[in-house]
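Enquirer: Chain by chain, the residues:
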Amino acid sequence: KNQVEQSPQSLIILEGKNCTLQCNYTVSPFSNLRWYKQDTGRGPVSLTIMTFSENTKSNGRYTATLDADTKQSSLHITASQLSDSASYICVVSGDFSGGYNKLIFGAGTRLAVHP
Amino acid sequence: ETGVTQTPRHLVMGMTNKKSLKCEQHLGHNAMYWYKQSAKKPLELMFVYNFKEQTENNSVPSRFSPECPNSSHLFLHLHTLQPEDSALYLCASSQEVSVAYEQYFGPGTRLTVT
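Same order as they appear, the protein sequences are chains A and B. Using our numbering, read the first sequence as starting at 1 and increasing by one per residue. Using our numbering, read the second sequence as starting at 1 and increasing by one per residue.
Please keep in mind that the hints were generated in silico from the structure rather than gathered at the bench. Quick reminder that beta carbons are idealized off the backbone N, C-alpha and C, glycines included. Careful: at least some of the hints might be erroneous.
Claimed, not checked - Interface residues of chain A toward chain B, partial, derived using beta-carbon atoms under 10 angstroms:
1) LYS1
2) VAL4
3) GLN9
4) GLY16
5) TYR36
6) GLY41
7) GLY43
8) SER46
9) MET50
10) ARG61
11) VAL91
12) SER93
13) GLY94
14) GLY108
Same shape as in the complex, but just chain A:
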């Protein structure tokens, strides 16, 4: 079964600290993996996208890693800011037949950054 599992479900950190969010998937065949940030009451916004051959991708203070062998990804946030408080969603694309945009979504990790 194609699934995306994220951990932890929620996380509280102090402003300025680093944190790492985890994503494990069983989607096959794999096409790409995205990390989205979703602020409360808003739609998800893409942070990074990685294909099978990419091990790491950065977007400012956000760095995503991908291990396609173990089917794991992580999102590392450096020097957290209050504005980083949001849900972070891992999304894996499967290269399924039909060519449709089949995205398998994780349930997200809710991050709260406190002053």
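Given the structure of chain A, go ahead and fit chain B onto it with the hints provided.
Expert: Okay, now just chain B, sitting in the frame of chain A:
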């Protein structure tokens, strides 16, 4: 702003009401999507439209009726909903219906069914 707008942002309706959600994209994309997001659950794909034609209905109950008059507009008509239909409904668009293209999401409509 992502270039995808949704109205209304909030909607409260009774189970016997009929209402519609509207989505508009200003990105020149050819594919549009409706998603349902319930608390602490992954996004659930509901419908996919490609060049105004519905290409996927993910076993959605008939009380949800989509309409796509052109590539820029997408509606979700609602009637005789149930309380469990309360959720955030997200619209998205992409250049083409393919895993290679980024999906851009609107801000969503928070729906409460009483």
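Enquirer: Does each hint hold? Answer for all of them.
Expert: Okay, the hints, checked on the actual structure:
1. LYS1: violated (13 angstroms)
2. VAL4: holds (7 angstroms)
3. GLN9: holds (8 angstroms)
4. GLY16: The hint is violated - A/GLY16 has no Cβ within 10 angstroms of chain B, the shortest such distance being about 28 angstroms.
5. TYR36: Status holds, d = 8 angstroms.
6. GLY41: holds (7 angstroms)
7. GLY43: holds (3 angstroms)
8. SER46: A/SER46 check passes; min Cβ-Cβ to chain B is 6 angstroms, inside 10 angstroms.
9. MET50: Violated. Min distance 13 angstroms.
10. ARG61: Check failed: Cβ of A/ARG61 comes no nearer than 21 angstroms to chain B, outside 10 angstroms.
11. VAL91: Check passed: Cβ of A/VAL91 comes within 8 angstroms of chain B, closer than 10 angstroms.
12. SER93: holds (4 angstroms)
13. GLY94: Holds. Min distance 7 angstroms.
14. GLY108: Holds, about 8 angstroms.
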